[in-house]
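> Protein sequence lines, in the order shown, are assigned to chains A and B.
In terms of numbering that gives the first Met the number 0, the first sequence opens at residue 0 and continues consecutively.
In terms of numbering that gives the first Met the number 0, the second sequence opens at residue 0 and continues consecutively.
The reader is advised that the hints may include incorrect statements.
Unchecked claim - Under 7 angstroms between C-beta atoms, here's a sample of chain A residues computed to sit facing chain B:
| id | residue |
| --- | --- |
| 1 | I86 |
| 2 | A114 |
| 3 | T250 |
Claimed, not checked - Pairs of lysine-lysine, PhoX-like flavour, derived with a Cα cap of 25 angstroms:
| id | chain 1 | residue 1 | chain 2 | residue 2 |
| --- | --- | --- | --- | --- |
| 4 | A | K111 | A | K94 |
| 5 | A | K94 | A | K120 |
| 6 | A | K17 | A | K207 |
| 7 | A | K132 | A | K94 |
| 8 | A | K132 | A | K120 |
| 9 | A | K132 | A | K111 |
| 10 | B | K111 | A | K106 |
| 11 | B | K111 | A | K17 |
| 12 | B | K219 | A | K207 |
| 13 | A | K94 | B | K111 |
| 14 | A | K149 | B | K198 |
| 15 | A | K57 | A | K94 |
| 16 | A | K281 | A | K17 |
| 17 | B | K111 | A | K16 |
| 18 | B | K219 | B | K111 |
| 19 | B | K219 | A | K16 |
| 20 | A | K94 | A | K106 |
| 21 | A | K238 | A | K248 |
| 22 | A | K57 | A | K17 |
| 23 | A | K57 | A | K111 |
| 24 | A | K263 | A | K238 |
Keep in mind the hints are simulated off the structure, nothing from the lab.
Source: prediction; values computed, not measured.
Cβ coordinates follow ideal geometry from the N, Cα and C atoms, glycine included.
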Amino acid sequence: MSAAIITATNITKHYGKKLALDNISFSLPAGRIVGLIGPNGSGKTTLIKALLGLAPFKGELDVLGFDPRTQRDALMHEVSFIADVAILPRWLNVKNAVDFVEGVHPKFSRSKCEAYIANTKLQPNMKVSQMSKGMVVQLHLALVMAIDAKLLVLDEPTLGLDILYRRQFYQNLLEDYFDHNRTILIATHQVEEIENILTDLIFIRDGKLALNASLEEINARFIEVQVAPQNMEVARAQKPIDERTQLGKTTMLFDGVHLGILEKLGECRNSNIVDLFIATMKDTI
Amino acid sequence: MNTFIWCLRRELWEHWTLLLGLPVVLAAMVTIQITADFYFQFSDAIVLLVAAPAETRAAFTLSLITTKFAALVFMQLALGLSILFYGSSTLYDDRRDGSNFFWKSLPLSDAKMVGAKVAIVLVIAPLISIICTLIVIGVSLLAVGEIAAFSGLNAFGALFASATLYGLIAKTISLWPVFVLTTLPALGWMLAVSALVKKRPLIWIVGLPIIIALPISFLKSVVERASSFAWVAEDVATRLLMGVSPGSWVVLRPSLSADTSSPIKNVPGAAQYILQGWQIPTFADYWMAAAIGLALIFLAIRIRRWRVDV
Numbered sequence: 000m001s002a003a004i005i006t007a008t009n010i011t012k013h014y015g016k017k018l019a020l021d022n023i024s025f026s027l028p029a030g031r032i033v034g035l036i037g038p039n040g041s042g043k044t045t046l047i048k049a050l051l052g053l054a055p056f057k058g059e060l061d062v063l064g065f066d067p068r069t070q071r072d073a074l075m076h077e078v079s080f081i082a083d084v085a086i087l088p089r090w091l092n093v094k095n096a097v098d099f100v101e102g103v104h105p106k107f108s109r110s111k112c113e114a115y116i117a118n119t120k121l122q123p124n125m126k127v128s129q130m131s132k133g134m135v136v137q138l139h140l141a142l143v144m145a146i147d148a149k150l151l152v153l154d155e156p157t158l159g160l161d162i163l164y165r166r167q168f169y170q171n172l173l174e175d176y177f178d179h180n181r182t183i184l185i186a187t188h189q190v191e192e193i194e195n196i197l198t199d200l201i202f203i204r205d206g207k208l209a210l211n212a213s214l215e216e217i218n219a220r221f222i223e224v225q226v227a228p229q230n231m232e233v234a235r236a237q238k239p240i241d242e243r244t245q246l247g248k249t250t251m252l253f254d255g256v257h258l259g260i261l262e263k264l265g266e267c268r269n270s271n272i273v274d275l276f277i278a279t280m281k282d283t284i
Numbered sequence: 000m001n002t003f004i005w006c007l008r009r010e011l012w013e014h015w016t017l018l019l020g021l022p023v024v025l026a027a028m029v030t031i032q033i034t035a036d037f038y039f040q041f042s043d044a045i046v047l048l049v050a051a052p053a054e055t056r057a058a059f060t061l062s063l064i065t066t067k068f069a070a071l072v073f074m075q076l077a078l079g080l081s082i083l084f085y086g087s088s089t090l091y092d093d094r095r096d097g098s099n100f101f102w103k104s105l106p107l108s109d110a111k112m113v114g115a116k117v118a119i120v121l122v123i124a125p126l127i128s129i130i131c132t133l134i135v136i137g138v139s140l141l142a143v144g145e146i147a148a149f150s151g152l153n154a155f156g157a158l159f160a161s162a163t164l165y166g167l168i169a170k171t172i173s174l175w176p177v178f179v180l181t182t183l184p185a186l187g188w189m190l191a192v193s194a195l196v197k198k199r200p201l202i203w204i205v206g207l208p209i210i211i212a213l214p215i216s217f218l219k220s221v222v223e224r225a226s227s228f229a230w231v232a233e234d235v236a237t238r239l240l241m242g243v244s245p246g247s248w249v250v251l252r253p254s255l256s257a258d259t260s261s262p263i264k265n266v267p268g269a270a271q272y273i274l275q276g277w278q279i280p281t282f283a284d285y286w287m288a289a290a291i292g293l294a295l296i297f298l299a300i301r302i303r304r305w306r307v308d309v
C-alpha cells in the first residue's frame, strides 16, 4: 500500500457550542476512491473544509505533505475540488472558463478539457447563466478532470441532477480520470449511486467516524443473513447490528461474526452499503 | 501569461458594463452635450470673431479649451459611482453565489485575488476614466473647430497648438497618484466590509459611517465640548464615503488655495478644484488615512482567507 496522502490526527472543530468534528483521526492511502458518507449535518462538509484549508480546526492534518491551514496556496497546486454549493459564476462563458483555468493552473491540460467538452452540448460562447444545472456540472467536471491533481475532492457533486447526468458524471470520473496515482474523495448522502465505484468507505456521524474501512474489509466483516424462522433466538444471541422484516422474512446484519456460525442460521450474503449505512445511522433521525 | 493578469481579466469579464460601459456611455453623452451647447450659444457669434482683434480671439480660444475640462466633473462622478458599486459588491458577490469555492479551488492566493481587485480600482478604472475624459475633450474641441470652420474661421491651429490644452491634459493625467492616495481609505473600507458581511454590503458601507457620524454631528450643535470628537467622526465618515471619487478633496478641503498662476483659474466650477489636487499630498492627514486604507486592504485579504461563503 502506498504512502498516506491524508493523515488526520485528533481533528476537532466547534461552531460556537456545537461540536462539528469530534476528535477525528484517520489516514487515506493513494489510488483509492473513498466515499465519505453521513446524514445531513454529520460533519462531512466541515471535514472537507478542513482538508481544503477553508476552515480552521484543532488537531494535526497533513494533506499531501502540507498543512491546509498554513500552506494552502501550495496545496491547491495538487488538489482539485468541487464543493457542494459551488457553482461557476453566472457571467462566465465556456471559452473564458477554459482560458482562465489554463492561465492560472500549471497542471491544466487544455486538450483534455476540450475533449471532454466536445462530448457535451456545451458551446464556447455559452454562458453559465444559459446552462442547465447538468451542463454547469459538466463544464465544472471538464475543468477539474483536465487538472492533473493528486487528490480530487467532491462534495455532493451530483446534488439536484437528474439520473442521466449523475450516471454520466461518475462514469466519466471512473473511466477518464481515475488511476492508481490519484485519490478521489466523494462526500455524499446518496449512497446508492456511488457504491459500485468505491474502494473505501468512511461513515461519519455526529462528528465522529462510525466506520473507516476498505470494501474488502467490509465484505469480510459485515454479512447479511436471511434467518430461518427456527433460528431467530440463536441469531439474536449473536447480536446483529440490524434486523428488519420484510414480507415475513427476517434479515439480520452481523458485524464480525464468523461465517461458519452465520451459515447455519440461514442464507448469507454480503451486505450492500445502503443497508450498512441505514444500520449504522438509523438512530440519528 | 502572468496569473495576476488573468485575475485582472476575470474582473473585467465580470464587470465590463460597470467599468467600461458606464464611462463610455457617459463620455458620449457629455461630448454631445458640450458640442450642442457650443453650437447653440456661439455658432452665430463666430462670424464676428473673424473680424475681432487677435487678443479677443486668443481669450476666446482659451475659454473654449478650459471650459471643456468641466467634463472632468462628470467623468469623475461616474468613476466614483462605478468604484462604489464594484468595490462594495466584488468580494461579497463571490461569496454569495458560491463561485468563491471555484476561485478557491485554483492555485490563486487571497493576496493575488484581492490584489487584482485593488488594481482594478486604483489603476484600471481611473485609466479608463482619464482616457474617456481626454477623448471627450479632444472630440468636443474637434467639433468646435468644425463648427467654426463652417463660419469661415480656422480655429484648429489655435485650439490644438495651445500650450494651455496640453498643460491641462498633463495636469489631469498627473492627478492619478493623488487619486490613489485619497481612494485608499474608501477602497480598504469597501473591501473589508464586502469580505465580511452576511448581506447588503452597500448598505453597511454607506450606512454605518452615516449612522455613527450623524448623531455625533448633531450633538456638536447642542453640546459645545463634543465638537472635536464630532470633527473626527465627520472626517472619518467623509473619507470612507467620498474617497472613491477623485476630486473628493473638494469636499474634504474646501479651503484649497486657488492656483491663480496657471490656466486652471479659467476652468469652470468644481473641475477647477479637482485640478488643484496636487496640494493634497502636502497634508499629513491624507497619508495617515491612506495607511489605514492599506491596513484595511490587508484585513480584507485575511478575512477572505477563511470567510468563503455568506
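> Against this structure, judge whether each hint is valid.
Against the structure, the hints:
Interface hint at I86 of chain A: satisfied, since its Cβ lies 5 angstroms from the closest Cβ of chain B, which is below the 7 angstroms cut-off. The beta carbon of A114 of chain A is not positioned within 7 angstroms of any beta carbon in chain B (closest approach about 21 angstroms), and the interface hint is therefore violated. Interface restraint check: T250 of chain A against chain B, minimum CB-CB distance 41 angstroms, threshold 7 angstroms, status violated. About 14 angstroms separates the Cα atoms of K111 of chain A and K94 of chain A, which keeps this hinted pair within 25 angstroms; it holds.
Restraint check for K94 of chain A and K120 of chain A: satisfied, since their Cα atoms lie roughly 14 angstroms apart, inside the 25 angstroms limit. Straight-line distance between C-alpha atoms of K17 of chain A and K207 of chain A comes to about 13 angstroms, which keeps the hinted pair within the 25 angstroms bound. Restraint check: the Cα-Cα separation between K132 of chain A and K94 of chain A comes to about 18 angstroms, which is no more than 25 angstroms; the hinted pair holds. Distance restraint check for K132 of chain A and K120 of chain A: the Cα-Cα separation of roughly 13 angstroms lies within the 25 angstroms cut-off, and the hinted pair is therefore satisfied.
Restraint check: the Cα-Cα separation between K132 of chain A and K111 of chain A comes to about 22 angstroms, which is no more than 25 angstroms; the hinted pair holds. Using a Cα cut-off of 25 angstroms, the hinted pair K111 of chain B and K106 of chain A holds, with the two alpha carbons roughly 19 angstroms apart. A C-alpha spacing of about 34 angstroms is found between K111 of chain B and K17 of chain A, which places the hinted pair above 25 angstroms, so the restraint is violated. Restraint check for K219 of chain B and K207 of chain A: the C-alpha separation of about 58 angstroms exceeds 25 angstroms, so the hint is violated.
With a C-alpha separation of about 23 angstroms, the suggested pair K94 of chain A and K111 of chain B falls inside the 25 angstroms cut-off, and the hint holds. A distance of roughly 36 angstroms separates the Cα atoms of K149 of chain A and K198 of chain B; the hinted pair therefore is violated under the 25 angstroms criterion. Restraint check for K57 of chain A and K94 of chain A: the C-alpha separation of about 41 angstroms exceeds 25 angstroms, so the hint is violated. The suggested pairing of K281 of chain A with K17 of chain A holds, with an alpha-carbon distance near 21 angstroms, which does not exceed 25 angstroms.
For a cut-off of 25 angstroms, the pair hint linking K111 of chain B to K16 of chain A is broken: about 34 angstroms separates their Cα positions. In summary, the hint linking K219 of chain B to K111 of chain B is not supported, as the alpha carbons are separated by about 43 angstroms, beyond the 25 angstroms threshold. Of the supplied pair hints, the one linking K219 of chain B and K16 of chain A is violated, its CA atoms being roughly 44 angstroms apart against a limit of 25 angstroms. Under the criterion of a C-alpha separation no larger than 25 angstroms, the hint pairing K94 of chain A with K106 of chain A is consistent with the structure, at around 18 angstroms.
Taken as a hint, the K238 of chain A and K248 of chain A pair is honoured in the structure, with Cα atoms around 18 angstroms apart against an allowance of 25 angstroms. Our distance criterion of 25 angstroms between C-alpha atoms is met by K57 of chain A and K17 of chain A, whose separation comes to about 14 angstroms. Distance check on the hinted pair: K57 of chain A and K111 of chain A sit about 39 angstroms apart at the alpha-carbon level, beyond 25 angstroms; violated. For the proposed pair K263 of chain A and K238 of chain A, the alpha carbon gap of about 15 angstroms is at most 25 angstroms, so the pair holds.
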